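**Q** This is what each chain is made of:
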Amino acid sequence: MTLATTHSVGVTEKPPLRLRLQQKGFDGVTLLVLPAVIFVLALFVYPFLYGLVLSFQPKEGGWLANYSKFFSDRFLYGTIMTTFRLAVPVTIFNIALSVPVAMRMRLMRRQKVLTTILVLPITLGTVLVAQGLLSYLGPQGWLNRTLLAAHLISHPIALLHNYWGVFLSLVITGFPFTFLLMLSYVTGIDGSLENAAATLGASAAQRFRAIFVPLLIPGLAITFCLSFVQAVSVFPSAVLLGAPAGPTRVISIAAYEAAFEQYDYSLASAIAMIMALVQLAIVAIVLAARGLFYRGPAGSGKG
Amino acid sequence: MIRQRTTGEKLWATAVWVVVGFFVLNILAVIATVVVDSFATRWLGTWLPAGYTTRWYYEAWDEFQLRDVLIVTFEIVGIVVLLSGLLGVPAAYAMARREFPGKRIVMLLFLLPLLVPPITFGIPLATVLYRTGLAGTMWGVILANLVPTLPFVILVMIPFIEQIDPRMESAARVFGAGTGRLFRHILVPLLAPGILAALLLVLVRTIATFELTFFTAGPTSQTLVVALYYAVFASGVRAGQSVDAMAVIYMITTLIWLLIALRFINPTQIVTRARREAAH
Numbered sequence: 001m002t003l004a005t006t007h008s009v010g011v012t013e014k015p016p017l018r019l020r021l022q023q024k025g026f027d028g029v030t031l032l033v034l035p036a037v038i039f040v041l042a043l044f045v046y047p048f049l050y051g052l053v054l055s056f057q058p059k060e061g062g063w064l065a066n067y068s069k070f071f072s073d074r075f076l077y078g079t080i081m082t083t084f085r086l087a088v089p090v091t092i093f094n095i096a097l098s099v100p101v102a103m104r105m106r107l108m109r110r111q112k113v114l115t116t117i118l119v120l121p122i123t124l125g126t127v128l129v130a131q132g133l134l135s136y137l138g139p140q141g142w143l144n145r146t147l148l149a150a151h152l153i154s155h156p157i158a159l160l161h162n163y164w165g166v167f168l169s170l171v172i173t174g175f176p177f178t179f180l181l182m183l184s185y186v187t188g189i190d191g192s193l194e195n196a197a198a199t200l201g202a203s204a205a206q207r208f209r210a211i212f213v214p215l216l217i218p219g220l221a222i223t224f225c226l227s228f229v230q231a232v233s234v235f236p237s238a239v240l241l242g243a244p245a246g247p248t249r250v251i252s253i254a255a256y257e258a259a260f261e262q263y264d265y266s267l268a269s270a271i272a273m274i275m276a277l278v279q280l281a282i283v284a285i286v287l288a289a290r291g292l293f294y295r296g297p298a299g300s301g302k303g
Numbered sequence: 001m002i003r004q005r006t007t008g009e010k011l012w013a014t015a016v017w018v019v020v021g022f023f024v025l026n027i028l029a030v031i032a033t034v035v036v037d038s039f040a041t042r043w044l045g046t047w048l049p050a051g052y053t054t055r056w057y058y059e060a061w062d063e064f065q066l067r068d069v070l071i072v073t074f075e076i077v078g079i080v081v082l083l084s085g086l087l088g089v090p091a092a093y094a095m096a097r098r099e100f101p102g103k104r105i106v107m108l109l110f111l112l113p114l115l116v117p118p119i120t121f122g123i124p125l126a127t128v129l130y131r132t133g134l135a136g137t138m139w140g141v142i143l144a145n146l147v148p149t150l151p152f153v154i155l156v157m158i159p160f161i162e163q164i165d166p167r168m169e170s171a172a173r174v175f176g177a178g179t180g181r182l183f184r185h186i187l188v189p190l191l192a193p194g195i196l197a198a199l200l201l202v203l204v205r206t207i208a209t210f211e212l213t214f215f216t217a218g219p220t221s222q223t224l225v226v227a228l229y230y231a232v233f234a235s236g237v238r239a240g241q242s243v244d245a246m247a248v249i250y251m252i253t254t255l256i257w258l259l260i261a262l263r264f265i266n267p268t269q270i271v272t273r274a275r276r277e278a279a280h
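Protein chains in written order, with the UniProt record's numbering: chain A, 1 to 303; chain B, 1 to 280.
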């Protein structure tokens, strides 16, 4: 206490700053978080704010010139629609596919082999998948040859340098991600709830509708957000597999061209901000909609 | 355990497996296409190539200067792994052990770089790096790659640290160990499997990270995946087989590390760790 009294002359019974901070949870150990925080502030938050300010300082015109340019040029504002036309169907398709598979997989003992195969496309990355699809989906590729040999089609279907090439590459890289998320939500639901329903005579379809769907809604919402955000940021495959000047000119291509082909960082920042805003808007809408449904524990009542 | 009994349920189960099989078959076929083509002498309009050769590998090695690219890639990846471990593990320790005001905001700060896709923050980040003259150099690429990997290490390590009994740290403290010695003698040995897993995943991620490296790399700081993109983008200039040979080299570098990583970690953790934090 002698320390305390010498430090706080005139102030009655106030412990020294170090102790007060310690009580609140700030001590030497807490300071270990500082380097990481400073790094993220300097290389994530600061560039974002810098980009935001830069987007209001266009090369020419008033402070809103970049944004008015974006929303008056069809070649630019059209990219939002193009991105949505790709990202929304892909996300819905991936979720619709992964829910039944995850429901089935939850009954399996050995999940590791299959999950490992499914993690492959995530790890290989979009560039390699794009290069593989360029030959696989081509008019002489194995897919078209197989379909021709099976007499399912009479001439090769065009899957490259159009909408479908990008769609398929987004499914291949996006499905495993969506699936692994859904699997962790599905396995997080207590199996005894389903057993109870089965004991009371509910069929599989009834069990799914009455037990799994309500409990899965929060997980579905998060999965939708994360998968959608991934799909919106499609870049390499839209260039390599799509038609980057036309039907698959997504917003990321517009941002890239502004920054690295026209060297207009101000316009590029504006497009990046619009892209972030679009992602944020969808996430906000989905999370708000999720609030309308049941929220509660996914475990059994006796915790 | 509930088993399906009716015919409809059995049919449904079969249909689900057929879809999974179809998906996996297509993935394997896509990979096989790349591998077969990289060994093909000539492959036009037939099921399989006319003959096989390994010369495309030598050609790709010389044409794309793969030796330099590989050295640069491993230098960048090595430094990114080292720095994200050195900065990330202590930060994760502080996040796991201390309650302090503003902790939720700090957590959000670490989550955002993982949730916002690289292409969105990559363009402003590249702009800042170009203004400071760092872009185009190796350090620019390293800094850009650290933005998602550092939070990733922190979020993966927090649950690992929470599993360690805090009484062990208290005992060390009682005997007079400072934070530095605590890390050296107690935490690092106990956390070794977790740190290894986290850093291996950072390694795989960094090899495959495209956008951030693409935006910030100069001619001498390209990683393998960016070199591959340029090769695919300019295909037609060079033989398709030599691009595929390069793709195979890229695939092997990634797969070796992935297989090592999978021995230490469950694949679902790659995505669910971040998700669990995000849900709170």
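A portion of the hints provided could be inaccurate.
To be verified - Here are the simulated DSBU-like pairs of lysine-lysine, each with C-alpha atoms no more than 30 Å apart in a straight line:
(1) A:Lys24 to B:Lys103
(2) A:Lys59 to A:Lys69
(3) A:Lys14 to B:Lys10
(4) A:Lys14 to A:Lys24
(5) A:Lys112 to B:Lys10
Worth flagging that the hints you see were computed from the coordinates, not collected in a lab.
Here the structure is a predicted model, which is why all the values come from computation and not from measurement.
**Q** All hints, please: hold or fail.
**A** To see whether the hints hold, each was checked on the structure:
no., hint, result
1, A:Lys24 to B:Lys103, "holds (11 Å)"
2, A:Lys59 to A:Lys69, "holds (12 Å)"
3, A:Lys14 to B:Lys10, "violated (73 Å)"
4, A:Lys14 to A:Lys24, "holds (15 Å)"
5, A:Lys112 to B:Lys10, "holds (24 Å)"
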